[in-house]
Amino acid sequence: MRDRMRKAGPAAVLFVAALALWEALVRAFEIQGFILPAPSAIAEAFVAEWPVLRVAAIGTFGSALAGLAVGVVLAVAVGMAAARWRGVREGVMPLAIAANSTPIVVLAPVAIAWFGLLSPWGTISVVAILVFFPIMINLVRGLLSAPSSHLELMQSYATTRRQVLLKLQVPTSLPYLFSAFKVAAALSLIGAIVKEYFGGSQDRLGQYITRKAGLFQFEEAWSAIVLASAFGVFLFVLIGLVERRVMPWHISVRSRQ
Amino acid sequence: MKASLRTTVSFVVIVAALVLLWEGYKALGQATGGVWPGTSMNLPVRTNERSMPHVWDIVGSLFAPARRGGEDILLVILVRAALWTWRSALIGFVVGSFVGFGLGVLFVRSLLAERGLMPYVVASQAVPVLAIAPIVVVWSGRLAFPNWVPIAVISAYLAFYPVAINTLRGLRSPEATSMELMRSYAASPGQVLWKLQIPASLPYLFPALKISASASVIGAIVGELPAGFPQGLGRAILSFASSFSSAPEKLFASVLVSAMLGLFFVGLISLIERWTVPAAMRLREDPAMKFVPPPATVTA
Amino acid sequence: MTALDLRGVGMIFNEGASNEVTALQNIDVVIEPGEFVSLIGPSGCGKSTLLRLVGDLLKPTSGEISVNGKEPARARLDRDYGMVFQSATLLDWRTVLDNVALPLEIMDIPRHEREETAREMLELVQLGGFADHHPYELSGGMQQRVAIARALSFRPSLLLMDEPFGALDEMTRERMQMELLSIWRETQTTVVFVTHSIPEAVFLSTRVVVMSPRPGRVSELIDVDLAQPRVFETREEPGFYEMLTRLRESLRKVDES
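Protein chains in written order, with our numbering: chain A, 174 to 430; chain B, -3 to 296; chain C, -17 to 239.
Treat the hints as calculated values from the structure; they're not laboratory data.
Every value quoted in this text rests on a predicted model; they were computed, and no experiment measured them.
Please note that a few of the clues may not be correct.
To be verified - The calculated lysine-lysine pairs, modelled on DSS-like cross-linking and capped at a C-alpha distance of 30 Å, are: (1) C:41 <-> A:355; (2) A:340 <-> A:355; (3) C:41 <-> C:52; (4) A:340 <-> C:235.
Unchecked claim - Below, a sample of chain A positions facing chain C; criterion: calculated Cβ distance under 7 Å: (5) 214; (6) 321; (7) 322; (8) 328; (9) 330; (10) 332; (11) 336; (12) 387; (13) 390; (14) 392; (15) 414; (16) 422.
Stated by the list, open to error - Covered stretches of chain B, going by a simulated chain A footprint (3 or more residues, C-beta under 8 Å): (17) 38 to 51; (18) 117 to 123; (19) 144 to 151; (20) 169 to 182; (21) 190 to 201.
Yeah, the Cβ is synthetic: ideal placement off N, Cα and C, and Gly gets one too.
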């Protein structure tokens, strides 16, 4: 317990101090809302706007998660094939690595044009493509990262490919997969919100933020930004907790404790 | 030489395959009237000229005047826009990388700083920072900043994280015995940093810089979107998106140029890496490329 | 029937390419059931390669190998041998017990049966109390004992060991040697043991194969006729020193040639 406090203490103290300083600065210098509203003002707006925010958040987070799910399924399918067949790997990996360094999110207007302004598939497809590449790349790297001595060991038992996959390659890939999931969770929110800037249903966080910013209602805009951020952190923590449950043996998890 | 030839060939093959896939899908849709062959199920994307222009039309539009009677061809306009966007991205990238590097050095020197700040450095990446883009418009409109400043700030925010994490990892990468050797020379912490830790961190730094480079481009393009600054790529994408129904190939052309900007920036960092880090020191972290195939299937 | 019969075995890596290496040339060795044979020689003499040829982890480019009168591939499918590497190659995500049971699991042995066997094997290597630990909680010596238990778990008639104690400190190493000998006597297993330690080869073996490098060949076969069972005091007998000298001279000849 004391050890935990020593580790988390500095961060917690900093959080409270930063909030207090922020509030104090905004009040002392009478900083205008368009630069940065005070935390208390954002909190007030959050409470007042909650019914609207709730609907917008459900829409945005829902399509982000749906896109994430579609992207994960596709990435796992392609990643498995790429790990299994060298030919697929040599074709797909360079393309994926190149695609991963391009701003994929600019496909958002294309998705709107293809699927229609209000179709949920617009957001889902943007998010799915966005998360597809990091997950697929990391999965392939993970599946192929088993040390050669372990592969020799499996070979000495005359294992089938399936056994090698399930008993060696899949567990070896888990750490890679979880770090990809953490990146992908944040990307899914970014993808959904940026897609919403380009248009779509009014009851979405991206549209809400643009609209409120356009009306100079910055407290409201910030309350939506804080909500989206909180959900991003929530997903991150959730994935971290699952990671801890699934692979307590891994060095990255052990060194965190 | 042989390896690079192989890479070039496989790249050409991949691009050709993608073009074929696009045109093949289009041809399939045209032949069946937009349904899966033998069913009445609609294809997910319509294949008419409006939704999926021919690849040659997209490429062709790059070399045609962007406006009727205009002087400049679309490519020139888009490249000019890309350069304008790249300037914000580059400034953001440089600032972000320095901040990231500074944080890495700070964390390796101070456990308190690491414990206090590290959770926020990590949390910063779980936050969809691009959500503040609409507010950026207002910042640059109401304050006297030149309009690229807030965009560079967003780019910097996206760029700093990979550098911070990998710098820390790189600074910690020297073996304990190397650190003990430096201690035995009674080296000052600054000397240890300059003579041992920073050189050891270089191989870790460059992979991070590549990620930061592409992140800074994303930050710059998306940062411009709601602002609609007339000079940048974000604006070009936005306006071609609104005229999509009349000239879809222009939107695809601008998407293509955005992708090129990302590839160009990352490629530039790779070149610098090649000049600065000796081949033997570069991290070859990609097991996918040196993989020993798993044992053959047994049918016993 | 012989346990192992190698006739004219040769191994060339990258045959025909510019980086062609002749790792082994014209190897003739016959090993009878129940023998404990060490392969010793300077690095580059192909002793590890030879072990991998016997285990069908590599295919020879010339010559004939028979394991228990069968092709090596057949012997691997019949799980005729167990393999131990220099590193323990335990799977981090499995408990000690599940690691030992891994080969049995691959052979589809029912759970209760394989757990029972795995526990017996852990008793044999004196790690009965560590069944539910994870590998990272064990010292290097203990990990290597788990690897030996794993290799013995399916009671193979042949044990192939590739410098299994190479990474251990001298004291642990001597203890492990005693343990291995008692297991060898108890299980009647044939052992082929790769080492670069002269005292280790003499203390453990009934016969030593001295190999010379570039290309790897057998330069001498030496019978070690020290009394069985070998005990702690064996290392202090004059006969032991004579054998050490004999082996050392043989290796020096190899080095000079």
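Requested in this report: Please flag the earlier hints that this structure goes against, numbers listed from lowest up.
Outcome: 1, 4, 5, 6, 12, 13, 14, 15, 19, 20 and 21
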